[in-house]
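Protein chains in written order, with numbering that gives the first Met the number 0: chain A, 0 to 271; chain B, 0 to 318.
Keep in mind that the hints were calculated from the coordinates and are not lab data. Be aware that a few hints might be false.
To be verified - Computed cross-link-like contacts, SDA-like style, restricted to lysine to any residue with a CA-CA straight-line distance of at most 20 Å:
1) A/K259 - B/P71
2) B/K254 - B/L58
3) B/K284 - B/F91
4) A/K259 - B/S132
5) B/K284 - B/P71
6) A/K259 - B/L125
7) A/K259 - B/R128
8) B/K254 - B/V299
9) A/K259 - B/A208
10) B/K284 - A/S128
11) B/K254 - B/E90
12) B/K311 - A/L227
13) B/K254 - B/A270
14) B/K284 - A/L132
15) B/K254 - B/S132
16) A/K43 - A/A29
17) A/K43 - B/N154
18) B/K254 - B/T306
19) A/K43 - B/M163
20) A/K259 - B/L207
21) B/K284 - B/S89
22) A/K259 - B/L133
23) B/K254 - B/A108
24) A/K259 - A/I197
25) B/K254 - B/V95
26) B/K284 - A/M125
27) B/K311 - A/A102
28) A/K259 - A/I193
29) B/K284 - A/K259
Claimed, not checked - To spell it out: a stretch of chain A is covered by chain B in this simulated footprint if at least three of its residues, at any positions, have a beta carbon under 8 Å from a beta carbon of chain B; those stretches are:
30) 13-23
31) 34-46
32) 186-199
33) 230-244
Stated by the list, open to error - Covered stretches of chain B, going by a simulated chain A footprint (3 or more residues, C-beta under 8 Å):
34) 36-44
35) 117-126
36) 139-145
37) 249-257
38) 273-279
39) 294-303
Virtual Cβ for every residue (Gly too), placed ideally from N, Cα, C.
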Amino acid sequence: MKRKGGWGRVQDGLVVLAAIVVLLPIVWIALAAFKTSVDVFELKLFFTPTLQNFATIFEPPYLIHQKLLNSAIVSICVVLISIPLATCAAYSFSRFRMRGERAMLVTILATQFVPAVVIVLPFFLMFRSLGMLDTRPALILVDTAIVMPFAVWMIKGFVDGIPLETEEAALVDGSTRLQVLRRVVLPMAAPGIITAAIFAFIISWNEFLFALILTRRDAVTLPVGLQLFNGQEGMQWHLLSAAGLLIMAPMIVLALLVQKHFVQGMTMGAVR
Amino acid sequence: MDTVAGATTTARTAAILAVPPRRFVRLPDLRDNQVKYLLVLPAMLVVAATAIWPLAYSLLLSFRSWRLARSPVPGPFIGGTNYEQAFTTSEFWLSVGNSALFVLLSVAATTALALGLALLLVRGGLLRRSVQSLLILPFAMSPALVGISWRFLFNPEFGLFAAMFGTLIPPLAGINWLSTPALAFSALLMADVWAWTPFMTLILIGGLASLPQDTIEAAQIDGSPAWRILFGIIIPQLRPVLVVVIILKTIFALKQFDVIFMLTQGGPGHATQTLVYYAYLNGFKYYDMGYAAAVSWLMVVPMLGLTFLYIKFVFRRAA
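Using the sequences and the hints, build the whole thing.
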């Protein structure tokens, strides 16, 4: 019994260690965001914090607000396009039998697993010949591709969980299917749809490869903008950390909001 | 339904939610028959336009010669020359080897660590539940940011991790991780494992929590050693979830690009150059579109195999 008590304490210790390992890189970057250009080049835990970095990254040549605006516009548009389409599809997949239903669901799922390099190559060539490289619409279109499968499968999972009775009652009362979808299903599935929207937002906000290849200057998003801090005097780690904090802080808040559905969303329904 | 006492309603609701939905097969409504396809159509069009078309286009491109730097239009069809070139280029095989090693090590490390952590956390309690809610944080971090942060952390002069490893393992003190092939590979591996283990842990906690407790408890009362309970009872029962974790992690490890780009750029030399990175270099650095498409497709084939496996498990579990 005594040994068990000791083992229990070792386990607690391991749990705390795991928490430290998860937090350490994030905290270290967050701290560096408040360090001066001198302090950041030393291993200091205690230092006089400064907010100067957050001012500097908004000045030339960094102009981080342009990247912030691009990221926000692209992510919002991706959500506004993908979520309504995904909701309609998810409802249909959940409630009806269709010819080729399984093939369609599998195709949607499978596209998620294709390496992004394969997808981006034809798009790069197409946007290049259309003169659409370095524009937001190009990025929005391609980002929608990676968000769609998550959204369809997640919302389908939520709609599957809504009992049919109310829908049937409304149908018997003479409502059309689309009225039922709007007045009955949408309100009931709202939490799920909002969760999927947050997921879609986080995924497109953090997306890197498409933005790296399809943008150059005008449509650059935040993750790609991180490269700006690799200047002639080497990496500006204090500025980079400030921008990094700017990228991750809102996503951390959003991720905490959806954490209950995180696993289901990321495995696309394979694990509930 | 009316007789359900208030206290058990939650359990009942949970039970209802667990049952797969009934479908409107008994309402063969003509309008529904059109509506259902109409509702799916836009989403399927997006998927076709953003995934199936590029895949088909890449496949076609992989049989052509097209050096973008020399010509703005695609060159002639050259049969399997691009594929032949890949198979006879040592850099291609080097990248295949790096990808294989990276996948193997990252899947093994992530799965083992995630299982250990899940076993530690599944018991619940305040400490464990708070730690569990921290596990979402790496997901909120853009992989590009993870990559560049780890470059900071492994800086030989002021990198936190470089200093910590230097203190713990004296031979590593003062060494430049990212310019030493094996260490750069290790740093990349650590960044990837750091980013993915929490997610896999959350999946496994869900799996562990749904295991029937009676056999485990019986074995504990019998005085079976912990390792025997783990390998004899827990792991066999957890197999379906473990398979999902392993397949997903394999796919994500094969696809890993952002962290490599930001942390090592495939270097030093070709030490961390995986197949994805090799395809990227050929497409967007050397602008050899046909060859890049061929390399990409050589990656798509095993990926489709894995996806097929994954789908088999998803649908078996749903059925």
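A quick look at each hint next to the structure:
1. Straight-line distance between C-alpha atoms of A/K259 and B/P71 comes to about 49 Å, which puts the hinted pair past the 20 Å bound.
2. Distance check on the hinted pair: B/K254 and B/L58 sit about 18 Å apart at the alpha-carbon level, within 20 Å; holds.
3. The suggested pairing of B/K284 with B/F91 holds, with an alpha-carbon distance near 16 Å, which does not exceed 20 Å.
4. Taking the CA atoms of A/K259 and B/S132, the gap is about 9 Å. The hint holds against a cut of 20 Å.
5. About 16 Å separates the Cα atoms of B/K284 and B/P71, which keeps this hinted pair within 20 Å; it holds.
6. At most 20 Å may separate the alpha-carbon atoms for a hinted pair to count; A/K259 and B/L125 meet this at roughly 17 Å.
7. About 12 Å separates the Cα atoms of A/K259 and B/R128, which keeps this hinted pair within 20 Å; it holds.
8. As the CA atoms of B/K254 and B/V299 are separated by approximately 10 Å, the hinted pair is consistent with the 20 Å bound.
9. About 15 Å separates the Cα atoms of A/K259 and B/A208, which keeps this hinted pair within 20 Å; it holds.
10. With a C-alpha separation of about 18 Å, the suggested pairing of B/K284 with A/S128 holds against the 20 Å cut-off.
11. For the proposed pair B/K254 and B/E90, the alpha carbon gap of about 18 Å is at most 20 Å, so the pair holds.
12. Between B/K311 and A/L227, the direct Cα distance comes to roughly 44 Å. Violation of the 20 Å bound is thereby established for this hinted pair.
13. Restraint check for B/K254 and B/A270: the C-alpha separation of about 17 Å stays at or below 20 Å, so the hint holds.
14. Between B/K284 and A/L132 the alpha-carbon distance is near 16 Å, which keeps this suggested pair within the 20 Å criterion.
15. The suggested pairing of B/K254 with B/S132 is violated, with an alpha-carbon distance near 26 Å, which exceeds 20 Å.
16. Proximity of A/K43 to A/A29 is assessed by CA-CA distance (about 13 Å); at most 20 Å being required, the pair is judged to hold.
17. Between the alpha carbons of A/K43 and B/N154 the distance comes to roughly 14 Å, so the proposed pair stays at or under 20 Å and holds.
18. At roughly 13 Å between alpha-carbon atoms, B/K254 and B/T306 fall within 20 Å of each other, so this suggested pair holds.
19. Restraint check for A/K43 and B/M163: satisfied, since their Cα atoms lie roughly 13 Å apart, inside the 20 Å limit.
20. Between A/K259 and B/L207 the CA atoms are separated by roughly 16 Å; this keeps the pair inside 20 Å, and the hint holds.
21. Taking the CA atoms of B/K284 and B/S89, the gap is near 19 Å; set against the 20 Å cutoff, the hint holds.
22. A hinted pair counts as satisfied when its Cα atoms are at most 20 Å apart, and A/K259 with B/L133 qualifies at roughly 12 Å.
23. The hinted pair formed by B/K254 and B/A108 meets the criterion: a straight-line CA distance of about 17 Å does not exceed 20 Å.
24. For the proposed pair A/K259 and A/I197, the alpha carbon gap of about 13 Å is at most 20 Å, so the pair holds.
25. Under the criterion of a C-alpha separation no larger than 20 Å, the hint pairing B/K254 with B/V95 is consistent with the structure, at around 13 Å.
26. Restraint check: the Cα-Cα separation between B/K284 and A/M125 comes to about 18 Å, which is no more than 20 Å; the hinted pair holds.
27. Restraint check for B/K311 and A/A102: the C-alpha separation of about 12 Å stays at or below 20 Å, so the hint holds.
28. For the proposed pair A/K259 and A/I193, the alpha carbon gap of about 13 Å is at most 20 Å, so the pair holds.
29. A hinted pair counts as satisfied when its Cα atoms are at most 20 Å apart, and B/K284 with A/K259 does not qualify at roughly 41 Å.
30. Evaluation of the coverage hint for the segment 13-23 of chain A: fulfilled, as 9 residues show C-beta separations to chain B shorter than 8 Å, against a requirement of three.
31. Residue count for the segment 34-46 of chain A with a Cβ under 8 Å from a Cβ of chain B: 4. That meets the three needed, and the coverage hint holds.
32. Evaluation of the coverage hint for the segment 186-199 of chain A: breached, as 0 residues show C-beta separations to chain B shorter than 8 Å, against a requirement of three.
33. By the rule of at least three residues with a Cβ nearer than 8 Å to a Cβ of chain B, the coverage given for the segment 230-244 of chain A holds, with 5 such residues.
34. For the segment 36-44 of chain B, the stated coverage by chain A holds: 6 residues have a C-beta nearer than 8 Å to a C-beta of that chain, and at least 3 were required.
35. With 3 residues bearing a CB less than 8 Å from a CB of chain A, the segment 117-126 of chain B meets the requirement of three and the coverage assertion stands.
36. Residue count for the segment 139-145 of chain B with a Cβ under 8 Å from a Cβ of chain A: 7. That meets the three needed, and the coverage hint holds.
37. By the rule of at least three residues with a Cβ nearer than 8 Å to a Cβ of chain A, the coverage given for the segment 249-257 of chain B holds, with 5 such residues.
38. Remark: the segment 273-279 of chain B is confirmed as covered by chain A, as 3 of its residues place a Cβ nearer than 8 Å to a Cβ of that chain, reaching the required three.
39. Check on the segment 294-303 of chain B: 6 of its residues sit with their Cβ under 8 Å from a Cβ of chain A, so the three-residue criterion for coverage holds.
The structure is inconsistent with the numbered hints 1, 12, 15, 29 and 32, although it conforms to all the rest.
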